[in-house]
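> Below, each chain spelled out in residue letters.
Number of protein chains: 2
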Amino acid sequence: MDNYVRIFDTTLRDGEQSPGATMTSAEKLEVARTLAKLGVDIIEAGFPAASPDDLEAVRRIAIEVGAPGAAGAQGSAQRPPIICGLARASKTDIHKAWEAVKHAARPRIHTFLATSEIHMRHKLKMDREQVLERVIEMVSYARSLCEDVEFSPEDAGRSDPQFLHLVLGEAIKAGATTLNIPDTVGYTTPDEFGALVAGIIQNTPGIENCIVSVHCHDDLGLATANTLAGIQAGARQAEVTVNGIGERAGNTSLEEVVMALNTRRPVFNLITGIDTTQIMRASRLVSNYTGIVVQPNKAIVGANAFAHEAGIHQDGMLKHQQTYEIMRPEAVGVTQTRLVLGKHSGRHALKVRLNELGYALSEADLDKAFERFKLLADKKKTITDADLEALVADEFYQPREVFTLDGLQVACGTMGMPTATVRLRGPDGATHTQASIGTGPVDAAYKAIDSIVHAPNTLLEFSVHAVTEGIDALGEVTVRIESKNGHRLSFDTQTETERTRTFGGHGADTDIIVASAKAYLAALNKLLVATRPNGQAEEPAFITHSQTARS
Amino acid sequence: MDNYVRIFDTTLRDGEQSPGATMTSAEKLEVARTLAKLGVDIIEAGFPAASPDDLEAVRRIAIEVGAPGAAGAQGSAQRPPIICGLARASKTDIHKAWEAVKHAARPRIHTFLATSEIHMRHKLKMDREQVLERVIEMVSYARSLCEDVEFSPEDAGRSDPQFLHLVLGEAIKAGATTLNIPDTVGYTTPDEFGALVAGIIQNTPGIENCIVSVHCHDDLGLATANTLAGIQAGARQAEVTVNGIGERAGNTSLEEVVMALNTRRPVFNLITGIDTTQIMRASRLVSNYTGIVVQPNKAIVGANAFAHEAGIHQDGMLKHQQTYEIMRPEAVGVTQTRLVLGKHSGRHALKVRLNELGYALSEADLDKAFERFKLLADKKKTITDADLEALVADEFYQPREVFTLDGLQVACGTMGMPTATVRLRGPDGATHTQASIGTGPVDAAYKAIDSIVHAPNTLLEFSVHAVTEGIDALGEVTVRIESKNGHRLSFDTQTETERTRTFGGHGADTDIIVASAKAYLAALNKLLVATRPNGQAEEPAFITHSQTARS
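Read top to bottom, the protein sequences are chains A and B.
In short: position in the first sequence from 1, add 395, done, that's my numbering.
In short: position in the second sequence from 1, add 395, done, that's my numbering.
The reader is advised that the hints may include incorrect statements.
In this list, chains with the same sequence are indistinguishable; a pair is considered to hold if it fits within one copy or across any two.
In silico EDC-like links for lysine to aspartate or glutamate, alpha-carbon gap of 20 angstroms or less [as the list claims (entries may be wrong)]:
hint	residue 1	residue 2
1	K879	D845
2	K879	E565
3	K520	D760
4	K518	E587
5	K497	E751
6	K520	E587
7	K842	D773
8	K746	D760
9	K776	D801
10	K776	E720
11	K497	E565
12	K486	E542
Just so you know, these hints were derived from the structure itself, not from any lab.
If you're wondering where the values come from, they're calculated on a predicted model, not measured in any experiment.
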């Protein structure tokens, strides 16, 4: 057995499915580029049958990230990542997945069907024979379209091992090349999961010519340990997400599995293709775009994970580095020199630093970025990488603007009559101005916006954090809203149910009320585009812009 | 071997040691009460030798939570928890720990010394013989004071097992009753850690009469799995923190270990004394007091951990509950009925609900709380449990107020001249008013406060989140500051180094700028008290108030 563990990233599929993590097509494309740069072997780019938007997002990733010589591995001889699309075990789903991924140099179709008694009885309402027959039929169909087919017996962790061996054996005969073993509900312990994988490898005919994969969930806090147990039992693909985002308590964290294999190489004797120095950047990007925060005590990517490094007065007091440090912060891309630019930095310095951070802006967009940089530098003494990333995200990764913020004026305080006046430019180019009072300045501003926009919604989440240290920091606001009309639902592949779709938005400004208004408008614009009467949620204006911006 | 796993909670010691998690004495007392109600067996209440404040905080917890019939187990026949104090292996430390815990019905002294080559050489500068001798001497001294003595060989995970067996055997002879095995740097895998514990149990003379304990860190995301592996190998005490807070990537999460043992009881065949329905309340309290957020995808206590429950339209579409649910939200205290009170709710309804939430206010304090409740109810249609908890925390769990906010007026917006006017009442009772402009309204308000208070500091962290859903939500602001004078340092027991102490503050208001000002003042007041010339950071005014409030 080889000692290379393939990293299969499902941030864009299982991760994006978690509440509020909805990303725009452009954000997904940027995440895919970042994953390619990180060196993941397979990008599960989405679930194309969910909606025309989802199909289109996967197709764009296949073309722009999965094509030979595409993004990511710029200038290197590296092959592009495999681009994978998920499909339920139905011809329609599989056909759509193929339509989306076929443009990639190395496409993959991933189909699944549940094999546990509880899922077969209550969700599928199928018996064992029917499940087996469907698996054979659908894997064969997928294989007739695509050389690379992955099959997952859903809820494998709670399935009868004998039945699993049978189903997997038939899937292999039907053409599956990767067999993925999901602990769908995060139920197993490392011993159980390792034994399950070992049993599958030992008892499934033909499995020696396939890759065995593991896919764990963190409901009991055991996803990383279970994944490592599966790998030690012989799996050579790990399905993970950046920051461990995903349904419920989330999926296995990419960074934890990769750094455990790296840090304890003598124990595992296994390697991955991940460039670990890109981990922090990927973590920040995914957190910004999904609005899902990373807790300070998160392993590897939490703000405190390397606090011993930053917090201690190092004048000889910390006697030996390794006393309390099992990995170097630099190994995961935590850089110590965070102060980079100031008021007197020029356009060239900005361009160089943005390039180093992975942003290749066109000259026109660089001009725009430089203009915003100078405005910020007037207010703030030092501009850090985090400031630059927030600025670029705010300027270039916003949804198509139906309404734009043209002006905002706020008065508030302990006198108890918070008032906001908002001026928006509408889709017709005309400006609209409204004033409103509220329970606070944000509430007042949102009510004023509502009186112009008229898109009934519920605010589910509102959070602000300072991008950098210091009292003059740039504030980044994340909001998540849910349409009250609810006619636009998203589809959950697991439960086969529809849920009300939620929309996230973010905005950055040194004035947190301005940032709050921007974030709310960004979410509202996403909602407006998604609930347009024709149902086609393209983002043409934005995508054109992005193409210019990133070519 | 019995099947009862003791839960040793170190939220107040190892958890509080993480950057920014500093709590006031009153907050610590409230956390200790909550831990007692949760049913933990041992509360590690602090490190008494760190400072007179720390000693006093542990002493108060020993008296008020650890005494027979004290707090927590109100009305029940349950014994009070063991109250434990940490001490380095020195007579001074052990003496101070004893002074602090001796008032408890069941006191414990916990002392430690490193046994790994890297720690002995670079940190202790001692050889094996010296370490062994010191352990014998200090455990004997601790045992001469206290019947219940715990010893930890620090960095056991990287220690030579033979040497460990020797040291632990001598510690037992010297009187240790609990032997704790720490994976101090979060370095081991579950297989390694389980084998280490099994080896210790097999090879240490006299260990059959002691409790073996495990203490893991989450640097590689394996703390929970390692803890469970240690328990399966025979450990019967698990050292954990609420939400897994702690140094770097944190300690093992109490909630993950307890719920793994509970959910998979047939696998483990072990029980704990934890009342799991108190888990969410403990999680929220610790998050509020420390300002350390819980990520939405955190196992058990994250906002999305049970999202399948809340997010799905349940009209028959989710066919069977257990399809995607391995535990019930109610089992950990996630309640579905979150709307409790409104504008027309009376004082009695508020009192009943506060009691249900665990707050027993005096009549005078209930009046105050009711006044704030009515003000909030005028602004907000429905008041939830989270609103009530934020309100109580804001009203009653604030540090001694050196300066209080008497008035705030703010103007801001896109015109770019954010201005704040602040009126504070100082320690002398006089009011001071200052106006300032800033890069945003928060910066302006903080600059205005600075021009009155004069306590040079750096803002390390600033975050806001909406306590509940809805546009009129109460906003809760958390800040963390560091003194620029830096003459008040905190002591790190592990690295034996001093670090600049940081101070957190929180504030809640429907106006987030007002909440921001309150939070900053709370942190500044903590800083002012801690850096008083006499160095004695008592909080007499507050503690008196709290006594009235909670008796």
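> Each hint: holds or not?
Hints and how they fare:
1. K879 / D845: within (13 angstroms within a copy, 44 angstroms between copies)
2. K879 / E565: neither (46 angstroms within a copy, 68 angstroms between copies)
3. K520 / D760: So K520 and D760 fail the 20 angstroms test inside a copy (54 angstroms) and across (58 angstroms) alike.
4. K518 / E587: neither (24 angstroms within a copy, 40 angstroms between copies)
5. K497 / E751: This pair counts as neither: shortest intra-copy Cα distance 32 angstroms, inter-copy 58 angstroms.
6. K520 / E587: For K520 and E587, neither the intra-copy (27 angstroms) nor the inter-copy (43 angstroms) Cα distance is at most 20 angstroms.
7. K842 / D773: between (31 angstroms within a copy, 17 angstroms between copies)
8. K746 / D760: Classified as within; 11 angstroms inside a copy, 59 angstroms across copies.
9. K776 / D801: Close neither inside one copy (27 angstroms) nor across copies (31 angstroms); limit 20 angstroms.
10. K776 / E720: neither (33 angstroms within a copy, 50 angstroms between copies)
11. K497 / E565: Classified as neither: same-chain Cα gap 25 angstroms, cross-chain 68 angstroms, threshold 20 angstroms.
12. K486 / E542: Answer is within: at 16 angstroms inside a copy they meet the 20 angstroms cutoff, but 71 angstroms across does not.
The structure shown violates the earlier hints numbered 2, 3, 4, 5, 6, 9, 10, 11.
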